[in-house]
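**Student:** Sequence order for the protein chains is A and B. 1 is the number of the first residue of the first sequence in my numbering; add one for each residue after it. 1 is the number of the first residue of the second sequence in my numbering; add one for each residue after it.
None of these hints come from the bench; they were simulated from the model. All figures in this text were calculated on a predicted structure; none of them were measured in a lab. Ideal Cβ positions, reconstructed from N, Cα and C, are used throughout, including at glycine. It is possible that some hints are incorrect.
Stated by the list, open to error - Pair ranges (Cβ atoms, derived): (1) Gln112/A x Pro799/B: 33 to 41 Å; (2) Ala334/B x Gly111/A: 37 to 45 Å; (3) Tyr181/A x Pro582/B: 49 to 57 Å; (4) Leu91/A x His795/B: 54 to 62 Å.
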Amino acid sequence: MTTVIASDGGTQAADPLSEWMASADERAFLYRLLADVFRREPSAQRLEEIRTDSYREALNEAGVDLGEAFYSTAIDEQVEELAVEFTRLFLLSPGGRIAPYESVQLPDGSGQLRGPESQIVLDYYGATGFVHHDEMNDMPDHISAELEYMAHLVGLESSSWANEKQEDALNAIRYQNDFFYTHLSNWVFCFLKKVNERAEHAYYVGFAELAREFMEQELSELSDRTKQAAQLINRV
Amino acid sequence: MLNRRKFVKLSAATAAASVAMNGTLSQARELPVFGGKDYSPATGRERKAVPSACLNCVTRCPNIVYVEDGRIVKIEGQPNSIRSEGKMCAKGQGGVNHSNDPDRILYPMKRVGKRGEGQWKRISWDEALDEVAGRLKVLKDAGTPEKFMFHYGRMKSSISKMVKTNFLGAYGTKTIGNHTSICEGGKWTAQELTWGKHYDSWDFDNTRYVLNFGANPLEAGTNHIPTAHRLIRALTTREVKMVTVDVRLSNTAAKSQEWLPVRPGGDLALALAMCNVVMSEDLHKGHGEEFLKFCKVTDTAEDTLENKVKALKDNFEQYTPEWAEQHCDISAHAIRRVAREFATNHPACLVSYRGAVAHYNGNDTERALQTLAAITGNIDNPGGRCLAVGPKWKYPKVKKMPKGRKLKIVDGPKGAAAIPSHHMSHNVLKMIKDGSAGRPDIYMSYMYTAVYANGDVQENIDVLKDESLIPYSVNINPFYDESAALADLILPEPPYTERWDWEDMVSPVQIPEYYIRQPAIPPMGETRDFGTVACQLAERIGIDLGFKTKEEFVRLSCEKTPAIKAVGGFEYMKKHGVYHDPKAKPKYYSYRKELKPKDYEKATVILDEATGTYWDWKKAKHKSAEAAQKKGYTHSKGAYKAYVGQRIGNKVYKGFKPDKLNKSGYFEIYSGLMKDKGFNPMPTWYSIPEHDKMGDNDMIMTTYKVATQIHSRSQNCKYLTELYHDNPAWINPLDAERRGIIEGDEVKVKSEVGEITIKARITPAVKPGVIAISHHCGHWEYGRYASGNKAPMGHEDDPDLKRMWWKGNHGAHPNWIIPNAPDPINGQLRFMDTVVQVMKI
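With the rest of the complex left out, here is chain B:
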């Protein structure tokens, strides 16, 4: 509320003096409702406003799409969203270009020449569906549904439930690949090992201090705008201090009070040393000590606080700031100072992302960071690092599903990663090439540029092109990307501005927000939402899903979800787009909830003495309590699904419920699962083998994202690509001088898997020894705005094509030279580890 003390008398005196309001403005009509209205600058007519949701990135902000004369002309934020508060990033606004992209695919296309040759013919949907369904039926009838591989990139919420849960579940294939290992799979696995769930929500509204390891929340991120605008508010209006650890001066680092230019992969040493400072200086006392009650720190199910503190001190003792300085290039003095600031400014928020995690040692970096937040009492508290809160949609499900079968090709080669709980998508094509675990007869990809988005691009192309390795390839896509170009059949999907969905992304205010996506205009051409196409395929195969279209699925979900039904169901959501319970309170400290005896004193619930975990042996598919006891909770496959609660002292708590791994309900700083796999159970230093062997002339290549593009699927948006289409490599002046490179020079960057040519940008904003190349650029397909290359089905109805001043200047793609190497624990693609040689051409 306004601080009124200073001006209050002046206001009153001014009122008394009757300051004339002989101004220049008069109100002619009522103030319209803020947001949700827009007018044509040409005609003054009000534009049609459709409350919907973005999908240009995974954040999926609620938006409002404006339509004028049947064309989508503008997108802005949804002011009634508690997540975005009406804010929208450039990427979201740039989504307006998808619908009107002249290189958009509008009809089903079938390959007629050699694969990859670019020869196509238009076919009808009936032909396309008959062809795909016919092949699918053959595999199903032969009892080999696993030979149908479905590989997706962006598939969340309703489309995931329709396709993955229902269609693929009912069909019987579990050969389902995702893209998470090139994204944040590594971070998620490390979180699952510690607090059970994956995903952390950063409570910037209530924090007093932000410590950021390798994230760039002001430019990108999985909850970008909902967190970015709150972070800006915290920094500017409350003067919250932010310290950013990054190899590069990102815009987030630039807006921080302090940038710590860390050595690539040295984040782990830094995090361990900060834990050392906290424990050796007893800064854990207070909030951290209190939280330790809910932590597992030793191999004993229930240990004393004294023993827990001793175990922490013992583990981190070796990681002194002086030791860390040798591994991360941050001075011991700075490490101590920042660690103390973080520990004593409670609540403080610990932020991390791929810059810190996409390394060989990334799993333990995230575990060490989780530990740092834990021992300072900054877990799931107001202002801290919180468990994700999102809406719980109910949706239609097929009742009887067959037991699914799968080819073991989604987790990478045997032994490549110990706990790939989010799979190893970047190794799928490599596994198909290898063939030892079988190969799919049908490879279908959805919103996924497998060729472009993974490392080792040439190998991806070689595999996808080879009909002996992949006999039949179907690509579902609104645009002609690098993977579509190598398909046998393209099923055209409308872009997200022409689709239905319900959405469920995490809320940064810890109150769930329900929202939907609805078409602002009808799908153009003959494009069809793949949710609906999946229903049509199912029908042809003889599977009854119980719904026929995506719209119907969304409508049924609205009716099945109590919170939405209560306010008017589907019709309410169509009108308003978003809903949250105005009486809901933010959800913090959920782990502290005490269970009632009736919850864990059931006949099928037993206590696992080794972990203190209550679990339901029947849900864990054991035949008896005795059999379950004998096998134990930790070693019973899928036992996490049967978790009930965690005994701590004489009480049973909800605890930190596991999601994908059989961890206990403790916050596990000590991980028995890691120990079982032969790793140190406590967060531990691992150096990066390739970095240990670097020669004097070697550099480390790092990658990053900018504020105006998403990773690989936005370069067709002309507004965005006009802003960012070239990506010169950042090189520190010291490295440039050694190599005789000056600003704008063409340089060759070479790794063990290939080489690229790129322009040089000489800047001290990157750490010496590091070359930084952004994603997004260097497309060779994706239409004229992205690559200069017209899609075979492209048309000429966009006058801006003639105004495209950046034609021929599309930047370079770093993935050509990044090996598809995984983190040995979680399988994450090591985007930030590549050793390269850089030379002037």
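Isolated chain A (complex conformation):
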């Protein structure tokens, strides 16, 4: 038995499987959070949630300080500011937007909106049993879609651990590993760097930095995760 940090920040003794499950849960939430940040401008409700003391403390612990102004500006005003900032960054801008698509951002890629990379990502989703709905009128290789896809995969890992389907958990990790290294990691850092450089609002500066740190952590740990999970299953 090992001691791990529990989701409430305390510590508890956990067997390896629960530790893996907790870890997957936490990663899934982070992927969801980031997918949400880059999918659309935040609503008033969302901002209210983020501005609670407990969420502020959690953000600070993760190394994100959105500044006093973020917490003191009137919500309606902030909704408007962030809608403008979101549009300026990702939708249209006189200085050129940061198109949040793999096909555009991938170094040495096609550079085209709806380029061949978009279809390859869509095929990947399809081959793994996922359907991309285009009600959002957006492409499958949008940053939020790729983050969401990772959230799904990590979520499947978590539920597999919970149901003691260890082979399924390992399978989900293998897909995470594959998709992350084949797609997301090849362009996300370049994309986030641009967001960080161009963002003017602390919200996008902060979340871009949070995303970068989380992606770097994934980059350094995901490949070993497959190996460790396989070893764990053999041990169990």
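Fit chain B to the known structure of chain A by using the hints.
**Tutor:** Same frame as chain A, now just chain B:
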């Protein structure tokens, strides 16, 4: 496991805030099993997936071959392999082209014109088998089976056991040539002299430092992908430091933290000087000192640690970094720094290959490198240079074999190499030409382009063409290569995607992996696996092998091998392709295993006082213990096969078991076998005679391999050859300027045995004074994708033939100008030593 401390509260807060998952993706069906599935992009239909194994290079990674409408369309890595972890290199993926090569040979072909003229007629298998078996029977019946020479290139695992062990063994010929001396035979011999076995496995998963002498593991190598992807992981995720010693900035050197551009053959001076630093600065203390217990360092069977250390200090004292700098062009400062880093970052992994070893002094380079690893305690330990671990297959064997006979033509001219334990294949044709040791009546070659792969190409052609030297030549081949073109009979074999085998390559995780190769599609045309053909020949000659096909041999092997039988045998392997024991622990420090008295207190086991080795005199074919004692272990022919254990102090250990040479069970830094042959028993500096005599205008030619081709048998793969079909010679700007050569110029490169014309690439990525030319290119046969020349039996059913944009641009082959010169100790072809003159045309 994920470092969760930083984000843990944020995750919890996000969960509490119920971030909406109003996303764009929904799961419509279960996540399929990772790997092993593929779909047609055209129809969406699932493709048939066949777990099998690659054979485009010797690494033989487990793979999955996908079939659509009866055609092989894609190959990818096997995710359940502990060796490759699902990774596959370009060469493995390019193997998809073999089956559909329009220049493939599909029927037995018999020469009708003059040899080499390219005139053939199709014959039936019955005609072909009757003809070959008839000739073989004549030789056997005459009591001269040795006049049947079998010469192979790539023949491992089950095909080797079927053909070499069983068929050739039962037939009675030992005139069997291999290709190892053009590959890594020299390294192997040096390893056999030190730690007994050949082959070293690099434990990148656990290492803290990598020191690479002349290997290019990120692009090529005998365990390429299983080690390459681990090395990348070590470099990137654990930030392990790698230093590469190479005359050329290979992609491995480029990915290293440091490149030491060594003078060709100066690797030995560098290695000796690093040993000097370790010993003179007492860096051996600790792990190295501990390991010295298992080392032989003096001529005494059991010596004190003090004496061993003194002997090492005495031997390496002369090889100071300042001395080495004069011979290797690496600064004394850098030598000291890297030696200290290597010695103090334990565990550290010492890597080496042909760049360091395929030289006149290569044998002692490898021995010095083994010593460097030994005195720093980096032998067979986690993170170090380890003894190979592979699966132990059991297989059917013919019970009664005749005593084999052989022509003494596989080890080169008498005296050319002192200890050619892996033979001297590049001198076989030269020996046939010479004739003093006899000539084969039948020369049969298998997966071996003897003409192209050896040095001195013109001589190879001349010998193989000459019917007075080789009366009858049979070539077994899926493709029309340069050797097939000079045969009298071609027996068409299917490429590896259409064959059966069990496989056994070394595992980089020190846990054995069993795997098989199975046909993804039936053999095309009338091609037949040579394993099966050998059975059919045996039957015609009147030899009962006990099995009739390769498939049967593989099936029987699965049933005979306990580990495989226990999980379901042949059927399990057909379904899964790979197997390893999930409970197995990595195997390290095997030499430390203590033997029990019952193992060495047998009536037939005696102690050889001179070496401290326990050996079985009966197994060594002595008539009595007394006779064995009198002759001694070291000087009894084949005594290594009777090795039992090594006495060290009052214990007997498994030690470093010998493989081909009568060495003791010690790790022999001091080699009595070398001394017996008149060489210094300790690692010693030898300069390269031709380099000592170089003129001002001379350069040294070196050769190398790239990531997208294997040495000589992949240029028919169109995907690979589209990527790499031309090989301009790398020349340093300083050398180019002296000769008035600019980028893209045609230059003449001339040696003592010939000259070639090649384009120049001017680059500082090669050391001044060195010209680097890759292998792979300059074929004049092997089909249209390789050479532009259609095979006589080629067909037109590949639309890509019209899209071949590189036609007429096939590069140059360096072997035309490389002499077939051996390392004087182990016989290795000196691929990296050739002195040339380079001039602008």
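**Student:** Which of the numbered hints are not met once you compare them with the structure shown?
**Tutor:** Violated: hints 1 and 3.
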